[in-house]
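**Student:** Sequence:
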Amino acid sequence: MFFSNITTDYTKMGYPKAIVRALDFLKTTDLKALPVGRHAIEGDRMYANVDDVETKLFETTKPESHKQYIDIQFMVCGEENMGFFVDRGLVNPIESHPDRDCYFYPNEAIDEGVIHCPEGYYTVFFPSDIHRPLLAVDDKPMKIRKVVVKVHVSLLEE
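The sequence shown begins at 10 in the working numbering and counts up one residue at a time.
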């Protein structure tokens with residue numbers, strides 16, 4: 010998992026080339042003007058989902074993971090907290106949707122940490138990172154705009 014601000018020089022952090030290309034997209038695109046929905050960056054291997062959503066109370070959410078895609082979650086407007094923990098095989102999915110590459114876990118997470126993600130920050134979650142997005146800050150749900158860039162794991166081989 011990586012966490013940083015889009016204004017940092019991510020090109021010097023040793024990130025994989027595909028992650029740098031995805032961050033370039035986030036940094037150079039007018040994300041406030043981009044319509045809600047899916048936008049191809051590199052076909053099905055890299056694309057962006059633009060969402061206008063509301064954050065939620067912790068107890069109404071479930072941790073999730075993905076096996077085929079890396080998530081780069083970027084906060085455009087608003088703020089959220091995100092839970093995270095490493096998949097060490099201690100928690101099994103309670104819901105599996107392989108067609109959407111999405112696996113949900115019970116709320117009994119072990120060693121779950123929380124990070125605060127304000128505007129301009131991004132978090133990179135790899136398949137080994139179970140994460141819980143859209144958590145309301147201070148238990149006060151709010152409307153946010155975020156972009157999640159999905160990067161297929163095969164692009165890490167470059």
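Keep in mind that a hint or two might mislead.
[What the hints assert, rightly or not] Taking CB as the label site, the calculated pair distances span:
| # | residue 1 | residue 2 | range |
| --- | --- | --- | --- |
| 1 | F12 | V162 | 15 to 23 Å |
| 2 | D148 | D18 | 13 to 21 Å |
| 3 | A49 | D108 | 29 to 37 Å |
| 4 | D60 | D33 | 17 to 25 Å |
| 5 | D147 | D108 | 29 to 37 Å |
| 6 | R97 | P44 | 22 to 30 Å |
| 7 | D60 | L165 | 35 to 43 Å |
| 8 | D33 | P127 | 16 to 24 Å |
| 9 | V162 | E104 | 17 to 25 Å |
| 10 | I15 | V123 | 18 to 26 Å |
| 11 | P127 | S105 | 31 to 39 Å |
| 12 | D148 | H48 | 16 to 24 Å |
Read the hints as simulated data drawn from the structure, not as lab findings. The beta-carbon is built from N, C-alpha and C at its ideal position, and this holds for glycine as well.
**Student:** 18 to 26 Å was suggested as the range; check whether the CB atoms of I15 and V123 agree with it.
**Tutor:** 21 Å Cβ-Cβ, so the 18 to 26 Å window holds.
**Student:** Using the Cβ atoms, figure out if R97 sits within 22 to 30 Å of P44.
**Tutor:** violated, 39 Å
**Student:** Quick check on a hinted range of 16 to 24 Å for D148 and H48, using CB atoms only.
**Tutor:** violated, 32 Å
**Student:** Lying within 16 to 24 Å: is that true of the beta-carbon distance D33 to P127?
**Tutor:** holds, 21 Å
**Student:** Falls inside 13 to 21 Å, the C-beta gap from D148 to D18?
**Tutor:** Distance hint for D148, D18 is violated at roughly 35 Å.
**Student:** Given a hint of 35 to 43 Å, does the C-beta separation of D60 and L165 actually sit inside it?
**Tutor:** violated, 24 Å
**Student:** Okay, D147 versus D108 on CB: inside 29 to 37 Å?
**Tutor:** holds, 36 Å
**Student:** Falls inside 17 to 25 Å, the C-beta gap from V162 to E104?
**Tutor:** About 21 Å separates the Cβ atoms of V162 and E104, which means 17 to 25 Å holds.
**Student:** 15 to 23 Å was suggested as the range; check whether the CB atoms of F12 and V162 agree with it.
**Tutor:** Check passed, 20 Å falls within 15 to 23 Å.
**Student:** Between D60 and D33, does the beta-carbon spacing fit 17 to 25 Å?
**Tutor:** holds, 20 Å
**Student:** 29 to 37 Å was suggested as the range; check whether the CB atoms of A49 and D108 agree with it.
**Tutor:** violated, 19 Å
**Student:** Could one say that the CB atoms of P127 and S105 fall in the range 31 to 39 Å?
**Tutor:** Since P127 and S105 have Cβ atoms about 32 Å apart, the given range 31 to 39 Å holds.
Checked against the numbered hints above, the structure breaks hints 2, 3, 6, 7, 12 and satisfies the rest.
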